[in-house]
Amino acid sequence: MTPRTAPAAAAVAPPAPAPIPADLTRERLLEMYRYLRLTRALEERLVALYRQSKVIGGLFRSLGQEGESVASAYALERGRQRDFLSPLIRNLGSMLVMGAQPIEILRQYMAKAKSPTGGRDLNVHFGDLELGYLGQISHLGDMIPVMAGIALSFKMRREPRVALVYIGDGGMSTGTFHEGINFAAVQRVPLVVIGEYNYWAYSTPPERQFAVPRLADRVRGYGIPVESVDGNDVLVVYEATRRAVEAARAGQGVHFLEVETYRRKGHAEHDDQRYVPAEVLERWARDRDPIDRYVAQLTERGWARLPELAEIDAQVRQEIDAAVDACVNEPLPEPDSALPGVYLDPPVTPRHWYRSL
Amino acid sequence: MTPRTAPAAAAVAPPAPAPIPADLTRERLLEMYRYLRLTRALEERLVALYRQSKVIGGLFRSLGQEGESVASAYALERGRQRDFLSPLIRNLGSMLVMGAQPIEILRQYMAKAKSPTGGRDLNVHFGDLELGYLGQISHLGDMIPVMAGIALSFKMRREPRVALVYIGDGGMSTGTFHEGINFAAVQRVPLVVIGEYNYWAYSTPPERQFAVPRLADRVRGYGIPVESVDGNDVLVVYEATRRAVEAARAGQGVHFLEVETYRRKGHAEHDDQRYVPAEVLERWARDRDPIDRYVAQLTERGWARLPELAEIDAQVRQEIDAAVDACVNEPLPEPDSALPGVYLDPPVTPRHWYRSL
Amino acid sequence: MPPVTYLEALRAGLWEEMERDDRVFLLGEDIGRYGGAFKVTEGFFERFGEARVIDTPIAEAAIVGAAAGAAHMGLRPVAEMQFIDFISCAYDMLTNYVATARYRAGLSTPMVVRGPCGGYVRGGPFHSQNVEAAFFHTPGLKIVYPATARDAKGLIKSAIRDDDPVLYLEHKWLYRRIKEDLPDTEVLTPIGEARLAREGRDLSIVTYGATVWKALEAAEQLANEDKLSVEVLDLRTLVPMDDAAIMHTVRKTNKVLIVHEDTRTGGVAGEIAARINEQAFEWLDGPIMRVTAHDVPLPYAPTLEDFVLPQTEDVVKAARWLAKY
Amino acid sequence: MPPVTYLEALRAGLWEEMERDDRVFLLGEDIGRYGGAFKVTEGFFERFGEARVIDTPIAEAAIVGAAAGAAHMGLRPVAEMQFIDFISCAYDMLTNYVATARYRAGLSTPMVVRGPCGGYVRGGPFHSQNVEAAFFHTPGLKIVYPATARDAKGLIKSAIRDDDPVLYLEHKWLYRRIKEDLPDTEVLTPIGEARLAREGRDLSIVTYGATVWKALEAAEQLANEDKLSVEVLDLRTLVPMDDAAIMHTVRKTNKVLIVHEDTRTGGVAGEIAARINEQAFEWLDGPIMRVTAHDVPLPYAPTLEDFVLPQTEDVVKAARWLAKY
Ligand SMILES: Cc1ncc(C[n+]2csc(CCOP(=O)(O)OP(=O)(O)O)c2C)c(N)n1
Ligand SMILES: Cc1ncc(C[n+]2csc(CCOP(=O)(O)OP(=O)(O)O)c2C)c(N)n1
Ligand SMILES: [Mg+2]
Ligand SMILES: [Mg+2]
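Protein chains in written order, with numbering that gives the first Met the number 0: chain A, 0 to 356; chain B, 0 to 356; chain C, 0 to 324; chain D, 0 to 324.
Only chain A is shown next, with the shape it has when bound in the complex (with noise of 0.2 Å):
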């Protein structure tokens, strides 16, 4: 008789890997991964940086917040002209995702004359209205009704696009908060409104900011479709934004997306954080932290290697070296380009007269 050998060599064949949900793909996934490993070793570098100084003004984290950032942009049609957003100060990874380049951050951060601002604003409030993201202001919830202004743009000519915003916790408190998304509810603008419960608006607990447990409870009041989601879970947050944005695309309005994560550093690098337990720290980054979640979803669901992903760190790590290597030693700006561009027209504001003595 003849040896039975196709059973055993089946024995060693891998397992079937599981579904991919929603529309990703193997390669999409990876991509995603890359933008969270990029997010983060970003950060890192950045925080060398301003421990050599060579950071101008604060750094702010987005640790343990880079899951939904970056699920949550990966969910728009990204390109030219197409869907929109409007980051925060940890929601770097939307704008990589969104197809800000490391050098541009890294430049920002440093004020360097190369940077997208020339120097004039700082971090990451800077944006690309081509690629379709655009730079927040630092006083908080002003973002929204500009937003509801871009959404409301996209209505008024019908094109089949969606504008994103994020909130904070905090942010929700501020007037403009609450005109803005008011406003574009009444008027139906395709606007997702992501709001983020990281449990901490500076020094300040969600208990002493709003008097309801969540934040999607706070948005009751808008009409709008809300939902909440684990924003520690990278496919959670892809497939929650992923049915918002289409929804307001296809003519439903605003919705509100509430994720759910924890700021795992000061509110910025200065902030020795002594308000929270070091115990609720420890044990966010243990048990939830978004990437090492996504990178246990990849591997034990069949979707990604190891090795591969050890491949794609090993890629950042270079990007981000050779971006740093790249701008570091850059100029600032010179320093009468303060002076153009406050109008279209006059271009110029005058030099001081003794300035010319």
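Simulated from the structure, these hints should not be mistaken for laboratory data.
It is possible that part of the hints are untrue.
Stated by the list, open to error - No farther apart than 25 Å at their CA atoms in a straight line, the calculated lysine to any residue pairs in the SDA-like style are these:
id, chain 1, residue 1, chain 2, residue 2
1, A, K154, C, N223
2, D, K316, D, D305
3, A, K264, A, R292
4, A, K53, D, D305
5, A, K154, C, R46
6, C, K316, B, L338
7, C, K38, B, L338
8, C, K323, D, E277
9, D, K323, A, K264
10, B, K154, D, E15
11, A, K264, D, R121
12, D, K178, D, D305
13, D, K316, D, K178
14, C, K38, B, R273
15, C, K316, B, R350
Add chains B, C and D with the ligands to chain A, keeping to what the hints say.
For chains B, C and D with the ligands alone, kept in the frame of chain A given last:
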């Protein structure tokens, strides 16, 4: 046999009156009636003065809304240093209940020197901290934070006092409303907010102002008890406000009460209301006038007889006649009385140099 | 054509721009079917539809912010403040977001915010304000303030076509008080150019808005009663300010009276005085003097309002004093 | 006692007033356990408890409005703006409600709004603002702006005791940069009185806030290099302004340079120039000149910020020019 007369006598005896609700008495029921009549009659007299152009500036009516104004204010503890209220332009009735005098209203509308503001601010924009009412400013929403602060002072000093503030279906769209009511809710101050759903914000209907059916729905996000009642049923508004006020006094924080009513006149006298269907106005006037309904309740339930009410009407008319006669020919303020009182110190704003040439 | 009022001229300018450019749209409170509190947009809703004439909730920050967002995307919004007094609720949005957008991020924000300003109408402290000073100080905003029907039309059209955000201040006391014949040809008033409202030799009055008319009345009276030849310069644009026109009249008459309706301390007149001082000090034969409102919130009673606000007689007295100096 | 910094002096003044008067309480963002973004209220929460040191939601209009309401009822709130830049969100509440309360309705509103102002710290356009001009124009608000540790303490105490609403502007560049010995006795700086920071004969510099130090450096340099005797007047209070002190120095030196960190157009210097012009024209031997920031939003890069803001060297150059005039 003896003739049985008793039954006959019983037959002609009046039916026993229905029990008087809440903590009201017959006297208080009649006092509320008096305020309702006073409010309407005073406004009617103001219309006459307006037509004779004795009123300076615009005239605002509360026709059809007198019920909620009077009943909600009447639910407060009144007197020196007791509960506190801030009215809107259509809460003339609330002010009268708190102790504002018809002659003060008349003087305000005619910009008389003796008016509470000495001719500096218009119509019902005045107050009396002792009697417990604070005049609004025109900017809608601003009184919410201010009244939250007044309620905060009650809480800080552990005084058993409650603050009550009104807001319109339009005014609730302002950022200051959101900031103020959320601040008050988080601080759990003794504040009652009355939301007036009167179907219009100037010419704007509710569906262009917000995207939920009721004002009660608009405030779901603040974590406070909410109730909606028929604003044109005096007793219902009284009882609901009383409940809210006592709960606030008991330390249960902010309460929101929506009163459904109808603005039966234009935004102001100049407004021809062309945007309001005539039949709607007729229906509200015919079926849901708050005073007519209250009169029916008083008489049908045996709490009052029409002649008594007619008697009150006559007194009200006399009171108003007397007030008008007393002030209509009073002088306007002395011109330079415009200079003192911007600051306590310096006490007087200097007169410009050319005025002394 | 029959003469048109200031308000009709403004309306015509708005209308023509909406006909000419379908990127132009209006948003504000009660501007649709109702046509606006002062009926400036009467008939627009019927002609252009609710997509281009948007009734908004009572939310000035949202109105201005949404206008800015739409402007970034290439539309040309014109936002109405029902009374300019309520622009204070959008102060943050205008000064921090709108004014800095181009400088910070190279964003184009071609939008207009307009609304009824000013007193002399018994409006009291919250329906009579002059808000130019608060925004005059903010780099990034342009401010125009027409005094005539012609400029009401010419400036709203230029403001809508301008690529920078423009605050268009219209005076409600002038709405129906002044009439003017306008050409059937296109009327465009360049932003940044003052207008010589009256020629003179002895003394210059620099002013804008409603007080242009007080100044002209005073000039007439001074000509008749004092044989004084007074020049009146109507700035029309506050930002960017027409320094050349100001210095030209100063060098011509050597005496300047600055007149505005707004309160004095921190008002625009201070800036004008400082500029004259810096650029034409040698040409001054007397101090630069100001005629303005008194530094108080504007009271409502006619006697008080008339006392607080600058009147023709004030301009006459101050000019006489300065002429004699 | 060891010398105290500007920030410590401010903190001590706040602390003493809270000890002295239990009607005084604080409200603002992160001022409680955290002690405030700049730690001005460090330790207050522990000492005075959460009833008197209230952490609020992010809602500047509510913070200011609630302070006003509490002040009407006889309390003495001190509201912190985390950065003064965010006071723009309470502009309506401050200018329309708070500033007019006494005039409109005879309401007493004894409250203080304070917060870190100013540049030279690489804060960028939204964490470096100077907001005095917007409120300087509003009748009803007082504005103080200490330049020294002593006045930081003396003015916060006077502001809290004042029966009118006071805007207390503190410069974050001075927080830890300057130190001073303060007496153990009570330090109170009267509101409305300027301070002669340096005596001089040839030229006067009128200034306030951080630029007081730039002016003093310049004066020193001019004394050494040019043998020029420069007088420096530190206004300390912007409203009500100490006209007498300004005119006194003008009549003494006959030449004035006005220096402030804020942008030029519509800035406080314009008003000062106008007042000098009106009250001391005959005493001027040269034009009143201004040294200020350039009219742009304040950029963040050190090279740009340093270019935009007034520097000691600018004061030196301008003063030399004026001295030669
Ligand atoms: C109107 C306004 N007030 C105050 C601040 C100061 N500030 C900057 S970030 C911050 C906390 C924001 O908390 P949250 O909205 O929850 O965002 P997170 O930092 O948690 O991402 C505060 C108070 C601001 N930027 N804008
Ligand atoms: C902040 C602000 N914006 C605009 C206005 C102009 N305005 C005065 S009353 C009004 C309508 C108010 O409607 P609502 O709040 O429903 O009160 P109602 O007149 O129905 O009693 C408007 C838009 C204002 N007073 N304040
Ligand atoms: Mg947060
Ligand atoms: Mg209404």
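Practice task
With a cut-off of 25 Å on the C-alpha distance, tell me whether K316 of chain C and R350 of chain B pass.
Solution key: 14 Å, holds
Exercise for the section: Would you check the hint for K178 of chain D and D305 of chain D, treating anything up to 25 Å between C-alpha atoms as holding? Expected result: Given that 25 Å is the threshold and the Cα spacing comes to 24 Å, the pair holds.
Exercise for the section: Assess, step by step, whether the Cα of K53 of chain A is no farther than 25 Å from the Cα of D305 of chain D, and give holds or violated. Expected result: Satisfied, since the Cα-Cα distance of roughly 18 Å is no more than 25 Å.
Practice task
Take the C-alpha atoms of K154 of chain B and E15 of chain D, compute the straight-line distance between them, and say whether it is at most 25 Å.
Solution key: Given pair K154 of chain B, E15 of chain D holds - Cα atoms ~24 Å apart, limit 25 Å.
Practice task
Mind checking the alpha carbons of K264 of chain A and R292 of chain A for me, to see if they're no more than 25 Å apart?
Solution key: 19 Å, holds
Problem - Straight-line alpha-carbon gap K323 of chain C to E277 of chain D, limit 25 Å - result: 15 Å, holds
Handout entry: Pair hint outcome, K38 of chain C versus R273 of chain B [Cα-Cα no greater than 25 Å]
Key = Since the Cα atoms of K38 of chain C and R273 of chain B sit roughly 13 Å apart, the hinted pair holds (cutoff 25 Å).
Handout entry: Pairwise hint evaluation, L338 of chain B against K316 of chain C, where the allowed Cα distance is 25 Å at most
Key = Status holds; Cα separation ~20 Å.
Problem - Satisfaction of hint between N223 of chain C and K154 of chain A, Cα-Cα up to 25 Å - result: 61 Å, violated
Handout entry: Agreement of K323 of chain D and K264 of chain A with the hint, judged by alpha carbon distance not exceeding 25 Å
Key = 57 Å, violated
Problem - 25 Å limit on alpha-carbon distance, applied to hinted pair K316 of chain D and K178 of chain D - result: Answer violated: K316 of chain D to K178 of chain D is near 28 Å, above 25 Å.
Practice task
Starting from K264 of chain A, check that the Cα of R121 of chain D is at most 25 Å away, please.
Solution key: 22 Å, holds
In summary, the structure is inconsistent with hints 1, 7, 9 and 13 from the numbered list given earlier, while agreeing with the others.
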